[in-house]
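4 protein chains.
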Amino acid sequence: MIDIDANKWKEECGVFGIYSREEDVAMMTYLGLYALQHRGQESAGIAITDGAWMDVTRGMGLVNEVFRHQLPHMDNQYIAIGHVRYSTTGSSLLANTQPLIVNYSGGKISLAHNGNLTNATAIRKRLEEEGTIFQTSIDTEVFVNLIARSRKAAVEEKIIDSLGQIEGAYCLTIMTEDKLIGVRDPQGFRPLCIGKMGDTWVISSESCALDVVGAEFVRDVEPGEMIVIDDNGLRSYQFAEKQKRASCIFEYIYFARPDSVIDGQSVHDARFMMGRVLARESGFKGDIVISVPDSGTTAATGFAYESGIQFTEGLIKNRYIGRTFIQPTQQKRDTAVRLKLNAIRSVVEGKSIIMVDDSIVRGTTSGKIVKMLRNAGAKEIHMCISSPPIGYPCYYGIDTSIRKELIAATKSVEEIREFIGADSLHFLSIEGLKQCVPKLNCDDMCYACFNSSYPVDLKQEHTADSDKYVFEQRKKDK
Amino acid sequence: MIDIDANKWKEECGVFGIYSREEDVAMMTYLGLYALQHRGQESAGIAITDGAWMDVTRGMGLVNEVFRHQLPHMDNQYIAIGHVRYSTTGSSLLANTQPLIVNYSGGKISLAHNGNLTNATAIRKRLEEEGTIFQTSIDTEVFVNLIARSRKAAVEEKIIDSLGQIEGAYCLTIMTEDKLIGVRDPQGFRPLCIGKMGDTWVISSESCALDVVGAEFVRDVEPGEMIVIDDNGLRSYQFAEKQKRASCIFEYIYFARPDSVIDGQSVHDARFMMGRVLARESGFKGDIVISVPDSGTTAATGFAYESGIQFTEGLIKNRYIGRTFIQPTQQKRDTAVRLKLNAIRSVVEGKSIIMVDDSIVRGTTSGKIVKMLRNAGAKEIHMCISSPPIGYPCYYGIDTSIRKELIAATKSVEEIREFIGADSLHFLSIEGLKQCVPKLNCDDMCYACFNSSYPVDLKQEHTADSDKYVFEQRKKDK
Amino acid sequence: MIDIDANKWKEECGVFGIYSREEDVAMMTYLGLYALQHRGQESAGIAITDGAWMDVTRGMGLVNEVFRHQLPHMDNQYIAIGHVRYSTTGSSLLANTQPLIVNYSGGKISLAHNGNLTNATAIRKRLEEEGTIFQTSIDTEVFVNLIARSRKAAVEEKIIDSLGQIEGAYCLTIMTEDKLIGVRDPQGFRPLCIGKMGDTWVISSESCALDVVGAEFVRDVEPGEMIVIDDNGLRSYQFAEKQKRASCIFEYIYFARPDSVIDGQSVHDARFMMGRVLARESGFKGDIVISVPDSGTTAATGFAYESGIQFTEGLIKNRYIGRTFIQPTQQKRDTAVRLKLNAIRSVVEGKSIIMVDDSIVRGTTSGKIVKMLRNAGAKEIHMCISSPPIGYPCYYGIDTSIRKELIAATKSVEEIREFIGADSLHFLSIEGLKQCVPKLNCDDMCYACFNSSYPVDLKQEHTADSDKYVFEQRKKDK
Amino acid sequence: MIDIDANKWKEECGVFGIYSREEDVAMMTYLGLYALQHRGQESAGIAITDGAWMDVTRGMGLVNEVFRHQLPHMDNQYIAIGHVRYSTTGSSLLANTQPLIVNYSGGKISLAHNGNLTNATAIRKRLEEEGTIFQTSIDTEVFVNLIARSRKAAVEEKIIDSLGQIEGAYCLTIMTEDKLIGVRDPQGFRPLCIGKMGDTWVISSESCALDVVGAEFVRDVEPGEMIVIDDNGLRSYQFAEKQKRASCIFEYIYFARPDSVIDGQSVHDARFMMGRVLARESGFKGDIVISVPDSGTTAATGFAYESGIQFTEGLIKNRYIGRTFIQPTQQKRDTAVRLKLNAIRSVVEGKSIIMVDDSIVRGTTSGKIVKMLRNAGAKEIHMCISSPPIGYPCYYGIDTSIRKELIAATKSVEEIREFIGADSLHFLSIEGLKQCVPKLNCDDMCYACFNSSYPVDLKQEHTADSDKYVFEQRKKDK
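Residue numbers (full-length UniProt numbering), protein chains in the order written: chain A, 1 to 478; chain B, 1 to 478; chain C, 1 to 478; chain D, 1 to 478.
Please note: incorrect hints may appear among the correct ones.
The list treats identical chains as one, so a pair stands whether inside a single copy or across any two.
Derived DSSO-like pairs: lysine-lysine, alpha-carbon spacing no greater than 27 Å straight-line [claimed, not checked]:
1. Lys368 - Lys196
2. Lys434 - Lys285
3. Lys152 - Lys108
4. Lys434 - Lys152
5. Lys379 - Lys317
6. Lys371 - Lys244
7. Lys317 - Lys242
8. Lys411 - Lys371
9. Lys125 - Lys196
10. Lys317 - Lys439
11. Lys371 - Lys196
12. Lys125 - Lys439
13. Lys434 - Lys368
14. Lys125 - Lys179
15. Lys196 - Lys379
16. Lys439 - Lys242
17. Lys379 - Lys368
18. Lys351 - Lys179
19. Lys108 - Lys317
20. Lys152 - Lys125
21. Lys379 - Lys125
22. Lys379 - Lys439
23. Lys125 - Lys108
Hints are computed from structural coordinates only; laboratory data are not their basis.
Isolated chain A, as found in the complex (with noise of 0.2 Å):
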């Protein structure tokens, strides 16, 4: 089998809750992580609770596939939390889907997280070596075990108090029988947003997800607050003393949806904006401008915009690629990018072309887009990137695995644009990535993918042979 996104990066989760005494909680959930699916393909799941009971329902592949035949049973609840998972190979257990739903001291509370605990190795040894058993490689697990640790007494006090002792960077929707309770850490750094349709209270990684159910934005979580909504509405606590924020910019750039507004910043308009300063930035002309579809759409647009050169459509992405896909025999490997991509060859057959991308991983689709470009008789080909190179790894959610793979880490962009095979290469600036993101404090964004400016002071865990599948009890799929 092919994935055929596999050099992207991986958004590692979305998350979403809903508490209504009027709607079909269960199906909204479904609803709403359908439209949250960008953010995960490999597995979801919903916990519902209808006060007395509370069952969870998870599953490998899309949401419509895990749940179209669970759905109809799902009924006559009040509180739902769901999540969607990531694509990958290595971690793709059944054992790791979420929400996890567990009987402790207090009763009965389901999790799911987004984002990624920087100390949780730290604290997983901490606890196994008080007595506590791990049955699952999710840092989610990690979390539950000091909730239920701990001496305080309510159900809030007792997550405020287990947050005190986990760092990284974590977007929770939690359950228990009769509240729901959504939390985001004090940097911010992954999405999390209020949303309310009569008396019905949502909570959602992305707006996208409020306007399918058909609930207002209310507002975003704030860093550090904890919000809890029961039958006597919603009530916020801060958690954490103000710290720096750090909220991902690569939710802008690539992994949110564009129709989602984050912190108060249309998606769309950062992206259109990082194609007007690429335009600026890049000084490219050319005969047309063309996307890699669908990601680098928006800057593309925007570069038309800015350079006054037309935008049109040059590649045709087939729609119909399962995850599954099987893969062609050895001798037609190129053939795995044609399945997913065609030049049209009356739009760039004898054209200079600026090509907009969001980003570049490891270089090798790129490298054959350009190659069937040509093919197709293009011209020139001056590429753009609506992102700069990205030359380290990731600690907060996102799966860039190590930085070996990261061909930023390694070449410099001359080098790369020969790796390539383009005539032209620019990436944007981070200066310039600042100025797409006006209704932002730029300095509040994290850029570490960047720069290295890692936000949190990472502790020894994060050496070079320790890496996400460090919990992990499985050999990787043969």
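Go by the hints and put chains B, C and D onto chain A.
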């Protein structure tokens, strides 16, 4: 379940065939069908032969779903034909999947068909009166019975003999134990082209499938031509007198992939030109040009080019919708469009918008999109359609069902505009449309769904009560 | 995978039909087929009609597997026919499942068939020469073509007309939009009986299915009789002259369920008597009588009764073996029998054992069981078989394939005993067998597999190279 | 759906383990579980290790269903443990399947458990108070937490330390990365035995699994014994003082397979003797002895032997019933028993029948069988049960649920006879039962379900409102 594209016309089918002593013909056919998937998402089938045995694998679902477990067992063959079938509810019968494979006095033969025979009912009635049984409701079974009853000696002659008896639109791929045969009807309604790589011959509904399998485009099959491929290479037979050509203009408007070239005309270029002519014809002014993705995008970029008004993404399409998406509860029916499309508020708010779509069939989806844009703050919505109003059914392989559902059959443009709720509405004129296919003789096209000038004299069988389910032996799904 | 019953003869099929204005006919057919499951585990199908539509659901697998999700969608019909098909590898084609359902000049008709037409190849050849195509390799398709080509007016006449052209063994259930029809061949090879509950009519291969659905046994269908059931009740037609009857004696030995009564003779009583006669004929003495479960048990209890030697369980059968059990590694091949059967050491150790089984086909399983008993400490093993040696193939609906595999075709009883490793071996004599069906005229039975007195003159088509896969258009499974 | 064996007690589980440098341990475990399938049809699991990785495959369904696609991917390991779990509705959770596999401070460990801890609730409560979370409702998770919290150094010591804290019935198979461990509780409630082939060690709930995999029986694990197998061979630890033994007598009556030998006593011989003692105790006379197949057959043959009355098959069992058989419509409810069993009229008509069954739980099925026999013409029905009346629940690993459902808890034998409709009814006496296990000290058995002499002092947790679902976090299936 919701049929998310219920308001689009459905192409009936796509066909593919390959003859090779070098390649894995089943794998190549699988890749070819995958590239033709947009022509039919309901079922797929591949028939193979190694010269002695002949076998077929067929199933409901996308190409990838049907074949992912089967493909490894289909190697070591040397001829293959494949078929994808459109998606509608009524005739989703496993029994109706193609290719057919039958035994007759001449041996084994397998057929796949794209199109619609306009005299199938009459032939079928005659054959039944002569004692023939029918196990499916597809035209292909009618045609293969004609072949079996032909008194001619060679299979090529039997086929030509049978072609003389049928009327309507058909592209056929036929396989015997040692020949691959392609046929295009005398008026050339549906596309069929020939490709080659090394000594391997390929035939395909569209050229995009040649690109995916790595074959060079050789030429289109001519109307009225039958090509026969065997170890002696390709032979051509002109089985019918030259007739007035009537190629389907809708292939260029919506059905075909933009990266295909049909009869020498690039589909992308035709669509881009439709946008340009729309800009000229409508004279619409606005702040931005947006499209209804994905099918309206090419024309929208053409409109932007011609008008000088910026093209921007205003609607985001969810890429993960499955064919069997669960329908939300009744009161949430509006959710259906929101699941598929979402407006980007920051783009459309306060703007005068020119929105380009390819066609309007029933008008209900268009109405919901207009409402969605207004809810997102759009000031004015000027809608441009890159086809003339569809006022008449198609009898040549398109599921336009009965005329009553076509909004343009009963409403004027102004009434449609009002129904949809747009501020303006412009349909491309037929004259304008004719300018968009400069590589073709525009009088060689079929515009019957716009102007009812059916190129074939339609007999009594297309009366009110006849429709494509005429042979259907099964109740519609509940 | 291992075929755990690979050494047993395979019944070809079971059929069931119901006509009712009161009952859920699909549910009743499902229950009936479930009771007939022993007659075919490979595939199952049910065709239904409500008088207007006619529909069929067919699939590979057990009745329960094929219908558990479909049955709820099959209600509100008033006629149904069903079919179960035997399990072998070669012809496990979905296309070969029954009932067939076709359109012809007389409307819609559905058929299911148990048996084997001995002149099918000749008819098929003739029909192909006249231009008929064949999409399956089952006799039913041959027969329905005869019906469609009949010049007679009424469907009953068409059927009778067609019956005049076929030879061999057949029990047919046929359904039109308003009639249920049952047919038994003139020699009565295979069983077919009629039941009734209230105004509901039922026809079934065996009476055990009447018991399960709660119908009273009315009578057997007579050889050469066609019964037609509609709103006017049941009408009988004798379509063929009285011929010498030739009912299959093997139904009483192995195929039918012991709780069925066929043509007035209880299957259980026949088997019990076989055991009694075996005791008399063999004169075997021993400490205990055991059976090879389950098919040898009834005769074993008869042997015990006649001989006064105690019947005990000496072998335990695993009830959970599936049709697709994974085969252990090559060196563990002996495991196959151990998976199915295990000896009880405390029962057999040091004992002289009389073991009763119903038949020996290839002899390999018998040999493994003898070895297993010796390993468990058995002192002497005297084997009794409740049928004569099978030395000749069956052409009337049983998959005995070619004669070479039949151990009794090439080996004497003494040679078989030596091959198996038993201390003694006795086969029931044909004369003895004739005493076991006192309710029947024992000369009205077919004993051809024992003595080669085939009741129908077999034409040239049953030569060495012809076999039941003669129509097969597919390679055997790899 | 109908649970066709709803009136039988359910064994909780079966366990299997293997340590081998020679065999395919996953395949052997699969075969072993297949032989133990009668101990649990609800779910199955196999954990494997190659010394470095540890992995588990678990699923709902029969052994064959869960593993047929997985087994080829489980080769090249050297230790495996497996588990089958009983079938009831309430707790059919995927999360509750075994073996468990966890990380703790000592590394990785996997466990599978047959039995029931009578102080699990108390331990669980204590652990929760100390901050432990629980993700399942199975006792195994309680036990593995005790191991993880032990302060002892070696894993053997940790296990022994933990065993000191638990009470009740347990047979455990435990696997670390280099050891296979088997444990049997101090009173020996459930069986566990050791087998060997070459240098391969096997442990199994019953000896029939040793036969299937081809291992020689070595000995039973003693009550209170822990065996540890590694490359140094087998070591034995007596972890508990000698206590009064209390092996479950019901293993001999119903649970175990007749071909198993448990603690030196053949299960078949015990059952055969039960039939003999029944004949003596009851003094019943009749024309024939029949059984309720399959579980009543061994005792029925014993009754026949003792009484001299002929054993005959009077009821035929359908072998094809699946676990998810669709229930007929309400008015056809009686069909449920007919689907499973059918009377042979020719055998029972006009006869005085002695019918032997193993036990009566609710009595409803027995009543339906009696009615079925009377409908088939039986003159008198004398029922013999090869166990005493079950008047008390079991707390040692059997799903007898609450006492209210046990007919013998509230009705006298005469009232039960009347309820069932038999002419006579005799239950084996406890004294009679004790004669049937001559190889055992009959006072070393547990008869608590018959006489309420529970061998372990049951604490307050077994009050009316507690039951086995005490940890269940999920609503019962709708």
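Going through the hints against the structure:
{"no.": "1", "hint": "Lys368 - Lys196", "in the structure": "between (46 Å within a copy, 22 Å between copies)"}
{"no.": "2", "hint": "Lys434 - Lys285", "in the structure": "within (24 Å within a copy, 33 Å between copies)"}
{"no.": "3", "hint": "Lys152 - Lys108", "in the structure": "within (16 Å within a copy, 31 Å between copies)"}
{"no.": "4", "hint": "Lys434 - Lys152", "in the structure": "neither (42 Å within a copy, 57 Å between copies)"}
{"no.": "5", "hint": "Lys379 - Lys317", "in the structure": "within (22 Å within a copy, 32 Å between copies)"}
{"no.": "6", "hint": "Lys371 - Lys244", "in the structure": "neither (44 Å within a copy, 42 Å between copies)"}
{"no.": "7", "hint": "Lys317 - Lys242", "in the structure": "neither (44 Å within a copy, 38 Å between copies)"}
{"no.": "8", "hint": "Lys411 - Lys371", "in the structure": "within (20 Å within a copy, 50 Å between copies)"}
{"no.": "9", "hint": "Lys125 - Lys196", "in the structure": "neither (40 Å within a copy, 39 Å between copies)"}
{"no.": "10", "hint": "Lys317 - Lys439", "in the structure": "between (32 Å within a copy, 25 Å between copies)"}
{"no.": "11", "hint": "Lys371 - Lys196", "in the structure": "between (49 Å within a copy, 21 Å between copies)"}
{"no.": "12", "hint": "Lys125 - Lys439", "in the structure": "neither (41 Å within a copy, 51 Å between copies)"}
{"no.": "13", "hint": "Lys434 - Lys368", "in the structure": "neither (30 Å within a copy, 37 Å between copies)"}
{"no.": "14", "hint": "Lys125 - Lys179", "in the structure": "between (30 Å within a copy, 23 Å between copies)"}
{"no.": "15", "hint": "Lys196 - Lys379", "in the structure": "between (53 Å within a copy, 25 Å between copies)"}
{"no.": "16", "hint": "Lys439 - Lys242", "in the structure": "within (20 Å within a copy, 66 Å between copies)"}
{"no.": "17", "hint": "Lys379 - Lys368", "in the structure": "within (16 Å within a copy, 43 Å between copies)"}
{"no.": "18", "hint": "Lys351 - Lys179", "in the structure": "neither (60 Å within a copy, 41 Å between copies)"}
{"no.": "19", "hint": "Lys108 - Lys317", "in the structure": "neither (46 Å within a copy, 38 Å between copies)"}
{"no.": "20", "hint": "Lys152 - Lys125", "in the structure": "both (22 Å within a copy, 17 Å between copies)"}
{"no.": "21", "hint": "Lys379 - Lys125", "in the structure": "neither (58 Å within a copy, 59 Å between copies)"}
{"no.": "22", "hint": "Lys379 - Lys439", "in the structure": "between (39 Å within a copy, 23 Å between copies)"}
{"no.": "23", "hint": "Lys125 - Lys108", "in the structure": "both (25 Å within a copy, 13 Å between copies)"}
In the structure shown, a violation is registered for the earlier hints numbered 4, 6, 7, 9, 12, 13, 18, 19 and 21, in ascending order.
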